[in-house]
Structure formats: C-alpha cells, structure tokens
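The primary structure of each chain is shown beneath.
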Amino acid sequence: MLTEIGLISLGLAALLTLYALGAALAGTRRNDGERLIESARRAAVAAFLLLTVASLIVVRALVAGDFSLHYAWEVSSRSMSPFLRVTALWGGQAGSLLFWSWLMGGFIAVVLAREWTEDRALLPWVIVVTTGTLFFFEILVLFVSNHFVRLWENPATGEVLDKLFAPAGWVLFTAQDGQGLNPLLRHFGMIGHPPTTYLGFTGFVIPYAFAMAALITRKSASDSWIRFTRRWTLVAWAFLAVGLLLGGRWAYDVLGWGGYWGWDPVENAMLMPWLTATAFLHSVMIQERRGMLKVWNMVLIIVTYGLVIFGTFITRSGVIGSVHAFTKSALGPLFFVFIATTLIGSVYLLWRAWDTLKSENEIDSILSREGAFLLQNVLFLAVAFVTLWGTIFPMISELIVGDKITVGPPYFERVNMPLLLALVLLMGVAPLLAWRKQMVAKLGKAIWIPAALALGLTVLVAALGVRQPPALVGAWIISFSGLSTLLEYWRATRATQRAYGRGLPAALWQTVGRNRRRYGGYAVHLGIVLLALGVIGSKGYQQQAEAYLAPNQSMQAGAFTLKFEGLQQFMAPDDRQVTQATLGLYRGSQRLSTLTPHKDYFAASKQTSTIAGVRSTLSEDVYVLLAGWEGDNATFKVYVNPLVNWVWLGGILLTLGTLFAAWPAGSTQRRWSMVLSPAPSAAVEG
Amino acid sequence: MSSVDITGELPHGSPGPSLPAPGEADGKTTVAERRRVKLGWIVTFSLVLALLGLLGWGLYKSSTGPRASGLAPDFTIQSYSGQTVTLSQLRGKVVIVNFWASWCPPCREEASYLEETWRKYKDKDVMLIGVDWVDTPENALAYIKEFDITYPNGPDVGTKAAQAYRIQGVPETFFVDKHGSLKGVQIGPLKAPELHRKIEELLNAD
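Chains as they are written, first to last, in the numbering used here: chain W, 1 to 686; chain S, 1001 to 1206.
Incorrect hints may have been included.
[What the hints assert, rightly or not] Pairwise CB distance ranges, derived in the manner of DEER restraints:
1) S:I1042 x W:T341: 19 to 25 Å
2) W:A441 x S:I1042: 45 to 51 Å
3) W:Q543 x S:P1193: 29 to 35 Å
4) W:T341 x S:A1032: 32 to 38 Å
5) W:E630 x S:E1138: 57 to 63 Å
[Unchecked claim] A short, non-exhaustive set of chain S residues, derived as facing chain W with CB atoms under 10 Å:
6) T1044
7) V1048
8) L1052
9) G1056
10) W1057
11) G1058
12) L1071
13) Q1083
14) V1085
15) L1087
16) R1091
17) R1108
18) Y1113
19) P1189
Calculated directly from the structure, the hints in this document are not laboratory data. Since we're looking at a predicted model, the values are computed, not measured. Don't be surprised by glycine CBs; every beta carbon is placed ideally from N, CA and C.
Taking the hints into account, I'd like the entire structure generated from these sequences.
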C-alpha cells in the first residue's frame, strides 16, 4: 500500500513539475501572466513536498526491512544499524537519483518561497530553468531507476523477477533478508560524501538558473543575479569542498593504499566544478565592485554548471572507464540529450544577450586587485583545463590512435602542482592590492614583513633538517601566504582598537563581524594554506617501506621502527573474520604506541577490507597495512605520510570560514512568502 | 584534431571572445573587432559541438557493450611469474578471463573470491587468467602478493586484449567455454556464488 502511495507521489511530483514549467512559460507570454506564474511557484513547492513523501516511504522500507522492495533488498539488511539503513537511501544508484531529485526539489522550493520583491522579471525564467532540470531527474527516477520496483514470484515455477507491477498471476515476494550495504561503504566518509556532493552539485542549479534568467530577460547588464545567488554559490561550493574531503578521508581510511587522492576520473569530475566555482566566487566581486567581467562571469557559471552535469554523466554512464563508474545503465543516452541541450542552450543565450554584457570599466593597471583576480581566474581555469584534458585524454587517444592511453597521477601532479602553488602565492599577495591601481612602493611596504617573516620560518624549517629545494620553496610560499593573511586580521584589528579603544579580542570580533564576507573569506584562505601544507608534505615526501616479518622481528620506515608482536584471528560480531597484527611503534628506543592493522573478511559477501593501523599526529601519520600472512609470519606495507593531518584541519577551517561568510545577517534578509506581493505592473515582461 | 581540442576549453580562459576588449569599450566596434567576435563564436560553438561529439561517440561505444558471445578474441600474456599464456591453446578448458588493476578498489572486493575459486577448481578443466589493465608492474606485484594470487596474471600490453573484449572498465570478467566461445561477461566485482555457479555450468555443458 505504502509503495503505491510512494509511486503515485513520485508521478504526481513529476506532473506538478511539468505543470510549473508550462505555467511559468505561459505566464511570460501573457500580460496577465501573474497568476499563472504564482501557480507555477506553488506547484514547484508542492512537487517538493510530494518528493519528500516518496523519499520517506523509501526510508521507511529501508528501516523496517521491507525486502519486497528491490531497492531495500539490494542495499539494506537486518544486521545493519537503523542509522546505516537510513543512509542506504543514497547507497545505490536508484537511491542516489531519488535523493538527488529530492535535494534539488528542496533547493528550488526554498528559492521560490523567498519573497520576490526585486527583479520579478527573473522569477518565471528561474522557475522554467529549475523545474526543467528537476523534471529531467524525475523522469530518470520514474523510468530508468525507480525505487518502487518490487520483487515478484511466479508461484508455479518459483522464479523471481523485479518489476514495477506484477505480471499476471505472479505474487509479491518478500526476501528473507537484504544483501546489505557494501561493507567498504560503511564509514563516516562514505556516509557523508554522497549527500554533501549532491548538495554541492544540485546547489549550482540555482545560480545557473538565475544567470540564464538574466540572459533571457536581458537583465544581464545588472549584477542582481549575482547578488541574489552569492550565498547559494558559496554554500554549494562549500558542500563540494566538504564532499571532496570526506571522499578523500574515506579513501585514506578504507581503501588501504596510503593516499587520499588518486586523480581518478570520478574524483576529477568533482574537482573541476569546484575549481571553476572558486574562480567564479572571486570574479563576481569584480563585477559587483567595478561592473567588469560580465561575460566572464556568465561563462564561468555556465562552465561550472556544465562541469557539474558532465561529472554526473561520466560517473553514471560508463563513458570513461573508472573504478567508481562500473555501474552501467540506461541513463547514458538521456543524459547525453540533457547535456547537449544545456550546453548548446547556454551558449546560444549568451550569444543572444552578448550586447548587454559590455564592461562598464576597464582594467586600469595589471598591478591591482582586479588584475590579481583575473590572474587567479586564469590559473584556476588552467588547473581545471589540465584536469579535464587528462580525464578525457583516454577517449581522445582511443579515437585518434586507437589505443586507450591513461595519463595517470604523474601528469596531473607535475602540471597542476606548480599552478596550485602559484595560486597559494597569489592568495598571499592579492588581498594587499588596492582596487584600480596599486602603487609599487606602497605594496613593497605591506609585503616585506610577511616576506621576511616567511624567510625566517623557511630558514627554521631548513635548520630542522628539510633540505629539498622544492620543499623549502613550498615552505616559504605557504608561510608567506599564511602570515600575510594573518597580518590582514592584525592590521584591521589594531585599527579598530585605536578607533574605539577596545581590548584586542573585542576589537577582533568587531572587525570580523563588520565584514564577515571578507574575513570569512580570509579564514577560507588560511584553510587553503593549511591544506596546501598537508598536500605538499604527504604527496611530496611520503616514505614507503615493505617487509616480510616473523614474530619479534623489526622493520624500519623513515625515522620509525616497527616491531611485529604477533598475529590474532577472531570472529567479530557482525560476521567478519578478522586477522589482526600487533606492532609496536618505536622512535629510537622509545615506544610510541601499539598499532593493530587488520584485514577483515566478510563471509556473506566474500569481500575483504584492509584497515590500516595508524598513529596520527600533526607532524605525520604512520600508516601500516597488513598485506598478507603465512602461518605466524606476515607482510607489512608502511607509509609515513608527513603533515597529512593538516589536509583535514585545513578542510575544517575552510568550511567554518565559508559558513561564517555566508551566514545570513540579521532577520531582515530572510523573508519568506508564499503570496507574491502585488507586483508593480511592469515587473513581468512579455 | 588534437590541436583543436587543446584549445577546447580556451574560450573560457583565453582573451578570445570572453574578455572585454581593452580600448574598445565605448560601443563603437571596428570591422576587425566584429570579425574577431564572430570568429570567436564560431570557434566556441564548434568546440561545444566537438566535446558533445566526443561524448556521443564514447556513449555509442559503451552502449555497444563488452563482447559477450561469439568466438573469444585470442590474446597472449606474459605473466609476471614468467609464464606465457595464450587463450587459443586452452581449448578443452573452461577459461575465466578477469580484467583488473591494482588501483581499482572494486577489484579488491573480488580478489579473494577469485583466488579461492582458483584453488578449488585448478585441478579440474578450468583456467583463470588475470589481465592487468593500465597499471604499473610494482603496484601490480604488490597487489598479487597482498591477495596471494597464484593463477597467471600479466599486463595487457597496449590494451590490446581490453580493446578486443571492449571492456568498459575494471573489474570485468569474461567466461569462455571449452570450445573457445564467449559465454557471458560480468561487469563489476564477482560475488559468491556467481563464479562457482558459472564454472559448474560451463563444465557440465558440452
């Protein structure tokens, strides 16, 4: 019964979405279209409520263990905790698509339920673009991977089928137990990664829809579409970042290869829109301040959104061979049509509104805030392009020379690392630059303190024993950017202190509180500095060692000694056969800790997972894998990952900084209304 | 072709059509500039179409799917332990061809099951071949050691076998009967008891 209600809700949601699309379109064509647009807006909100009902019914089936539902059978099982059963909503492809639609529906409902007083002309077109996108996903959920497919049994033959409705004479079949979520995915990173990724991906539909609405209504000369969507973009961007970090953390903890980032196509698919969105977040500031780069910003949001759907496409269609993308489905052709429509449509709209996007100003000097932003944009796009090129290169090589050539991590790292380091350096300089034109002498005055302090720190690092030139250059750049950003806080706080005579903490609070966008942004910059520190340390200076040890034998890894103390085998309660080694970790003769790497064998699914034993500190992780064993002897693989924890700490700071910058200020800006206030008669254009 | 694609993303980053043209902001456009803008648009549209073409081609290729029937394409691998294995010389045996890579987490999911199956069936008319796809020898050897794999595994030089079988990614496993005919393919990791069942079925068929 519930299944039928869920299916009907899903169908109705799709119909309402289609209605909203049609009504908003019709509303723009009539002079008295106001009521139509109003009803379109309500229909879109109602569609979200119906999607919520459908999702809740699926969650209920997962939690209650209703194994007559094919999806529940596939991703849930009786031995899973209730929490894990809820998260199974995004554990499979069908789950992720419904979840995806639900999130997107939610974003759309929130944006439409806002009070629309300014720029009413954008509203119908925002509805058209967002509901058009949502409708596409609802079609996928309904016809390609439907959640409400049930299991049916032929009573005569005992045959079992998965179908939406029963073939004549077949009866509902309820499985004893489900297969359960893949054990490798039962980790906080993999529980958090899909929702944050989806929030990031779907979030970009909002700025994109506003941009398209601005192009269609030819209001693209004004920056209102940017001001409206600034927060959305920030939030989507932050979720993408969190998704990337959680995915990396999962790989680090669960996959057992000592790293967190492998330049796999699917990882790249997520990194690319994040890079272009970062460029977008910065360059919109120039449009707001100076009325420049209007075309550029349109291009950036189109490229970002394009990369979002491109990423979804290559992950789901199997076009590019990847470890994550082995799920092949009928999504491909439909998605292709969607991508083609989006890209061609966006470029066409840009072309049509070209004349509205003339710049109001010119760049006065390359040495200015604008110039720095522009350079930053170019660098970010260069990294995005290098990554895109490496991702689609196997396809291009196969098309041209008939051999699939995968470029692999070295290509990405060699080309991207210098660009990324240049970005970190620029991050330290740019905030010091003035708008319009920077006097060189003044810049020199502002820059020499962090530059000299950074040099001091670099010498200290060298004195501590780091000798490799790239590491020292990296150390200088990182400390320069970090110090330069901290000095910005310091200068502004001192100024406030002098003006108001407050204590230091109060003055700091007042300073950052008054311009949260700027100081939240600087906190994000500091997060990136920490992240860069972690990446350089762990990617550039990882040490590896491997050894086959008998009990009480020792091995050396970097500055550490590991003593193998024994092997145990036991059954864990959740039907896991655990083989666990105990090792003592020493530096010199001092025992630092005991590490217990283990290999778990899940008898039910015949899967193995290799869990590292890790001693994690701020200076390095010692990461030990039990690679294999024979009798009492075992093979170990050890990675010493310097500074890797700073990757996660930087990620946390980055997230907090974004939250601080994007948090709505005061209650006046948050007005919701389901009734449109009487519109000024000219607000809706025909 | 490749030079066209190199500029593929440049409209977003090049000073082509996307940047305000310095010195010409005051509404009066010269003939030369208009021609430049027009050319910029033509390039932009062609690149969008080229990218879509590439995706469409990839989609078409992947929709033809891996080979699943007919005579199994012949291939030879030099295994990491020095054996030479040629598929066509294994007539009379049921052959399981598994494509994998050391960088592939889903391959790890099935690795123990494959080895366990091999140990169970190696004395019957069954052969398991691991074809290592787009990998480095060090990582591959570490992987083989980690899972204590004893059936022959070797690199797919020039991705010849992968292309002949039209694999979509790894892991993928092809089932070849005693007469050298393909009898199906598994995309993604194998789980118990799929492989046992398939082998029994092929052993019992004539």
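Here is what the structure says about each hint:
no., hint, in the structure
1, S:I1042 x W:T341: 19 to 25 Å, "holds (21 Å)"
2, W:A441 x S:I1042: 45 to 51 Å, "holds (46 Å)"
3, W:Q543 x S:P1193: 29 to 35 Å, "violated (42 Å)"
4, W:T341 x S:A1032: 32 to 38 Å, "holds (34 Å)"
5, W:E630 x S:E1138: 57 to 63 Å, "violated (21 Å)"
6, T1044, "holds (6 Å)"
7, V1048, "holds (5 Å)"
8, L1052, "holds (5 Å)"
9, G1056, "holds (6 Å)"
10, W1057, "holds (7 Å)"
11, G1058, "holds (4 Å)"
12, L1071, "violated (21 Å)"
13, Q1083, "violated (21 Å)"
14, V1085, "violated (22 Å)"
15, L1087, "violated (20 Å)"
16, R1091, "violated (29 Å)"
17, R1108, "holds (7 Å)"
18, Y1113, "holds (4 Å)"
19, P1189, "holds (8 Å)"
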